[in-house]
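Participant: Residue numbers (my numbering), protein chains in the order written: chain A, 1 to 136; chain B, 1001 to 1130; chain C, 2001 to 2289.
For the record, the hints were derived by calculation from the structure and aren't laboratory data.
It is possible that some hints are incorrect.
Some chain B residues close to chain A (C-beta under 8 Å, calculated; not the full set) [unchecked claim]: (1) D1020; (2) L1052; (3) L1054; (4) S1057; (5) Q1085; (6) D1107; (7) A1111.
All C-beta atoms, glycine included, are put in the ideal place defined by N, C-alpha and C.
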Amino acid sequence: MHVERTSTLEVRTSEDVVRVRQEVRNRSAAVGFSLVDQTKFVTAASEIARNTIDHGGGGSARIETITIPGKRGLRLVFEDQGPGIADIELAMQDGYSTAGGLGMGMPGSKRLSNEFYVESAPGKGTKITLVRWKSV
Amino acid sequence: MEQIPILKVGRCLLVSIQIDMHDKLAMALQDDLTQKLVETRARGVLIDISALDLVDSFIGRMLSNIAAMARVLDAQTVVVGMRPQVAITLVELGLTLPGIQTALDVDRGLALISKLMDEPEGDRGARGAH
Amino acid sequence: MVARARSMIPTLLKTHETMVLTSWMKSQVTAGSLRSGQMKEDELKDQSERFLREFVHALESGETNDISGATWSSVRDLLAEVSRSRAAQGFSPSQTATFVFSLKEPVFTLLRDEIKDDAAKLAEEMWTATTLVDKLGLYTTEVYQLRRDDIIKRQAQELLELSTPVVQLWDKILALPLIGTLDSERTQTVMENLLNSIVHSGAEIAIIDITGVPTVDTLVAQHLIKTVSAARLMGADCIISGIRPQIAQTIVHLGLQLDVISKATMADAFALALRRTGQVVNRAQTKPT
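Okay, chain A solo, but in the shape it has when bound:
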């Protein structure tokens, strides 16, 4: 896998969430995602960015354009040094939420992405990776 381009954004305020959306939108368009795929991925980014602030106490987002032979895509890595997720499986269930919301941030974002990885443990922060490939 080859990383063509990277940008990193702070994710601390609600204005940062808007900036993340706009950057992911621009990069998705540059990679050539269809309009529907762009919307899906930007929405997923918005959800996770918000989680990073609400649950993780703020962190960063890294946006990378990636290639493997014959395919191009976008990878988003959201990291925070917050309390971490105690039960990842539980968090991935629809309807579950610890912040009083509808709890569809993570499972929803997973459905909107092609690949979705969560690395987290109590006290160890959280790292969420989303990948979407340009479909033919």
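Since the structure of chain A is provided, determine the placement of chains B and C on it from the hints.
Facilitator: Below, chains B and C without anything else, positioned relative to chain A:
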């Protein structure tokens, strides 16, 4: 902080969301609308989201909250102009916005609100949850 | 591992560029790269020249083993380009890989001619050349396969779109006759077509006819519900028609909750749609003669 303008059109409040809202702005809009609803005793709220290229769970919740608060104040809410790619994404997210009426555009939205506002009050409880 | 002395190959290739290019072109043509006019000689020459240049450039960096890093990225990009265009022109994977493999002969000849007095050095350089060319040739094949897969997927996609037409039955009423199974990929296409049609036609009701859908199980029902929900978000209501008796039974047996009005026939659905959109179809009066 910027404010989203709320217009009064007949017995209706009309909001047209033109910008990429951050969460604080969305909450402010929710508060503003509720306040105006009480002030003007409007019977309908029309929210035009035709300029939005994205509706995530926060904005979705905002819309649901507005509809719920409006209902408590005996007003109908109609959301108009959702873009196809936004609808497809919302459905994938699992957000179907129950309790919110929708219409394709402002014209149809106003027609729908008129119809809903003219219904006898007893019937109104039975309609609605889509 | 003992650090190897820098390879002589890039220097030799630069010095004898024209000769290598000519003889490489010749082996490619002999191997059939210009068969039946699929590709012109100019195009082949241009690709070969550019490849040689990038190849030499990458070799000069000193990396002669790992082609997956940044130094070899221009070469990889070029090979991907060659591979894609050959795949699109209908060449087979081995014919495409010939582009790279046929470079061995001129390079070996060059090495044998230039490294006459050091057998160990000759062997080492030939080993470097052969492993490098092998890796690049394999890379070309990989990209080729992926590209063919993409083409097939795209053709499947186009077929998909053709098989999910949306028809305007009447003012404000659309019909969507579904033929075949509804999997998640198809559902995406169906939703896009339907929603775009709703925007273009201003429809308020969409009749989704499932006569042509062989089975309705939990997954298919979920896909149908998704489609209905999406249409509703755009202000259009849905009616499902074409429910065959077996389908009705399956739905009840599986306890599927289809939260939408359903009718047995399209005709019934259409009549309902007319009523709900406040439209009336009147029989024409025949004029008395």
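Participant: None of the hints should be skipped; say for each whether it holds.
Facilitator: Evaluation of the provided hints:
no.: 1; hint: D1020; result: holds (5 Å)
no.: 2; hint: L1052; result: violated (10 Å)
no.: 3; hint: L1054; result: holds (6 Å)
no.: 4; hint: S1057; result: holds (5 Å)
no.: 5; hint: Q1085; result: holds (4 Å)
no.: 6; hint: D1107; result: violated (25 Å)
no.: 7; hint: A1111; result: violated (28 Å)
Hints 2, 6 and 7, counting from the list given before, are not met by this structure.
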